[in-house]
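Peer 1: Produce the complete structure using the sequences and hints provided.
Which chain is which? The protein sequence lines are A and B, in order. For the first sequence, UniProt numbering gives the first residue as 1, with consecutive numbering after it. For the second sequence, UniProt numbering gives the first residue as 1, with consecutive numbering after it.
I should point out that these hints are in silico values taken from the structure, not numbers from a laboratory. Being a predicted model, the structure only gives us computed values, none of them experimental. Don't be surprised by glycine CBs; every beta carbon is placed ideally from N, CA and C. Careful: at least some of the hints might be erroneous.
To be verified - To spell it out: a stretch of chain B is covered by chain A in this simulated footprint if at least three of its residues, at any positions, have a beta carbon under 8 Å from a beta carbon of chain A; those stretches are: (1) 31–37; (2) 72–78; (3) 95–103.
Unchecked claim - PhoX-like cross-link-like pairs, simulated, lysine-lysine; straight-line CA separation at most 20 Å: (4) B/K130 to B/K151; (5) A/K97 to B/K71; (6) B/K71 to A/K262.
As the list claims (entries may be wrong) - Derived contacts from chain B toward chain A, CB cut-off under 7 Å, selection only: (7) A82; (8) E88; (9) Y90; (10) Y92; (11) I241.
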Amino acid sequence: MGNFLQLVHNENIKIYKRARSWVMLGILVASAILISILWLSFGGRDTSMWEVMSTESMILFMLLTIFAVVIAASSVAEEFASGTIKLLLIRPWSRSKILLSKYVSIMLFAVLLAAVLFASTWLINWICFGINSAVSLDETQQMLLFPGSSGPFAYMLMYYGMKLLSLAVTLTLAFMISTIFRSGALAIGLSLFLLLGVNNFVLLLGYLEYEWIDYLLFMHLDLTKYIGATRLEDGSNLWFSLGILGAYYVIFVALTWYVFNKRDVAA
Amino acid sequence: MAQPVVRLQNVSKRIGGRTIIDRLTLDLPLGEVFGFLGPNGSGKTTTIRMMVGLMSMTEGDIWINGHSIAKEYEKAIRYVGAIVENPEMYKYLSGYDNLMHYARMIPGITEHRVHEVVKLVGLEGRIQDKVRTYSLGMRQRLGVAQAILHKPQLLILDEPTNGLDPAGIRELRDYLRLLAKEEGIAIFVSSHLLSEMELMCDRVAIIQGGKLIDVRTIRGAESRAETARVIIEVDRPQGAIEALQASGLAPVQEGEQAIAIETDREGIAAANAALVAGGIKVYGIRAHVKSLEDQFLEVTGGESIG
Ligand SMILES: Nc1ncnc2c1ncn2[C@@H]1O[C@H](COP(=O)(O)OP(=O)(O)OP(=O)(O)O)[C@@H](O)[C@H]1O
Ligand SMILES: [Mg+2]
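Peer 2: The structure is reproduced here in C-alpha cells:
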C-alpha cells in the first residue's frame, strides 16, 4: 500500500494553497502587533513584556480558535459540497485513512497557528517592552501571579499547551459535526455557538447544584486554571477534567469515523 | 468471451423502501467497450456508485479482478479508474496540481506519466491554469485524465461525452476504442446518447427502472449480416422492379421515383449491379438500418422517466 504521509501532504496542499489560510495567519500576527502598539502608546513602556504577551495570547487564542474551527469544519464538508469527495474516495485507501489524513492536517494547522501566535506575541512584545525592560522579573512574577517558581517563558509554554489540549477537543467536535451533517456552515455555527455562547452560560450553571453539570464538556474546556495547581479550591481537579475531555474526545472520534465509513456518497 | 474482469451478481439497492436497482447481473470481459444505456433516473449512476464503492449494496456483490468491492475494497478499487457524474475537481488548484493530488494516492505514478496523460487528453496548453478557469469540456478532459492516470483495467465513465465538442467526442471515442483494443482494458460507459453508444460500444446493456432489460451486441459479424430495408432511387421504378425480379429479389415500389427491397450488404451490391446492367439510372441507395435508438425506444416502450 501507499504512503500515508502522501495523503497528509495532499490535505496540507488543500489548506495552504488557499488564500484564506494565509489571511488568517496574517490577521493573527497583525492583531498582535496592533494590540502591542496600542498598549505602548496608551500605557507606556512601564509594563512587563510577559504581562502583555499573556493578555494578548488570551484574547487572540479566541480568534485562533475561530480560525481553526473554520478550517476543521470545511475540510470534509467542502469535499461533499463541491463533489470532489467522489474522486477522493475511489482510490486504494480505506475511508478511515482518508478521514485520518484530513484530521491530521487540521491538527497540524492548529499547531501552526498556535506556534505563529506564540512566536509573534513573544517577538513583538520583546521589541516593544522587553529590550532594556523597566520592570524586573520579580515584579513580573507578582503581577502575573506565576505559580510556583517557573519562569514566565515556561509559564507561557504551559499556557499554550493547555490551550492546545482543549482546542484539540473543540476541533474534533467541529470535525464531527461537519462530517455528520456535511455542512461547513452548520459545523462552524454550532461549534462556535456552543463554545462562545453556551460556554459563558454554563458558568452560571456551575452555581447550580446538579451532579450532571460536572460532566458537561464545557465545564472542562478551560485547562489553564490548573497551571501550577492541579487541584483547585472549588473542588475541580486537572485529572478529572482531562478524564472528561478524553471521554468526549473518544466519543466524538468514534462517531465521526463510524458515520463517515457507513455513509452512502450520493453528492 | 474473454475472462470477465468485472462481475456484478444480483446487485440490488433499496433506499427508504424504494428499489432503485433490482437484481442486476452483468459480466464484463477485458478488451470490450460496454455501454450502459437507460433513460433519466433508470439507475445508471447508482449502479456506477456501487461499482466504485461510493454506495453500499443492499444485496449481491461486485467483483473486480476477483476482489469483492464490499469486502476487499482497497484491493478491488486499484484496478478501477472512474468518473462519476460530473468530474468535479479542486477549483482552487491547477489542473496539474489536481492530477498530482490523485497521483500521490497511488504508488508508482511518476511525473512523467502525469505529463503523458495531460498530452493524451490535449490539455498541455492550460494544465497550469486553475481549474476554476476551465470550460466544461476541459474539465471533462481532466476527469478522463485522472481516471486513466494509473492505467486501470476497468475504466468507468458516467456520461463522458457530456460537454465535449464534436472533435472532443470523436477523440474520446477513438481513444476509448484504442484503449480497449490495444491495452485490452474493459470500459464501462453510461449514456443516454444512443447514437453515441452505437459508435463507441461493442455491447450495450439497457436498463430501465433499475432492471436490466436487454443486452445487445452492436459490432461484429452478427450485425453486419442483418438484413435491412434498402431504398433505391431510380428513373424508371417499373423497369427496376422487373430487372431485380429477374435476379431473384422481391422489390416493391416506394413512392414515385424509388423502389424498396429487404436485403443484406451483399444483396445491395448485387441489386445495384443488376440495375446498372438493365440500363436503369440509379440516383441513390439508402439502407434504412434500425438504429439503436429505434431499438431502444422499442424495448423501453418510449416511456417517460420512472
Ligand atoms: N440518494 C438517493 N436517495 C433516494 N433516491 C435516489 C438517490 N439517488 C438516486 N435515487 C433515485 O434512484 C433512481 C436512479 O437514479 P440515478 O441517478 O442512478 O439515475 P441515472 O440513470 O443516472 O439518470 P440520469 O440519466 O438522469 O443521470 C432515480 O429515481 C433517483 O430518484
Ligand atoms: Mg446519471
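Peer 1: Hints first: check each against the structure and report whether it holds.
Peer 2: Evaluated hints:
1. Note: the region 31–37 of chain B has 0 residues with beta-carbon separation from chain A under 8 Å; the three-residue rule is not met and the coverage is violated.
2. Check on the region 72–78 of chain B: 5 of its residues sit with their Cβ under 8 Å from a Cβ of chain A, so the three-residue criterion for coverage holds.
3. Under the rule that three or more residues need a Cβ within less than 8 Å of chain A, the assignment of the region 95–103 of chain B holds, with 3 such residues.
4. The hinted pair formed by B/K130 and B/K151 fails the criterion: a straight-line CA distance of about 25 Å is larger than 20 Å.
5. For the hint linking A/K97 to B/K71, the alpha-carbon distance of about 16 Å falls within 20 Å, and the restraint holds.
6. For a cut-off of 20 Å, the pair hint linking B/K71 to A/K262 stands: about 13 Å separates their Cα positions.
7. For B/A82, the interface hint holds, the least distance from its beta-carbon to any beta-carbon of chain A being 6 Å, beneath 7 Å.
8. About 4 Å separates the beta-carbon of B/E88 from the nearest beta-carbon of chain A, less than 7 Å, and the hint is met.
9. Because the closest C-beta pair between B/Y90 and chain A is about 6 Å apart, less than 7 Å, the hint holds.
10. Because the beta carbon of B/Y92 sits about 6 Å from the nearest beta carbon in chain A, less than 7 Å, this interface hint is met.
11. A cut of 7 Å between beta carbons decides the hint on B/I241: the least distance to chain A is about 60 Å, and the hint is violated.
The structure does not agree with the numbered hints 1, 4 and 11 stated previously, though it agrees with the rest.
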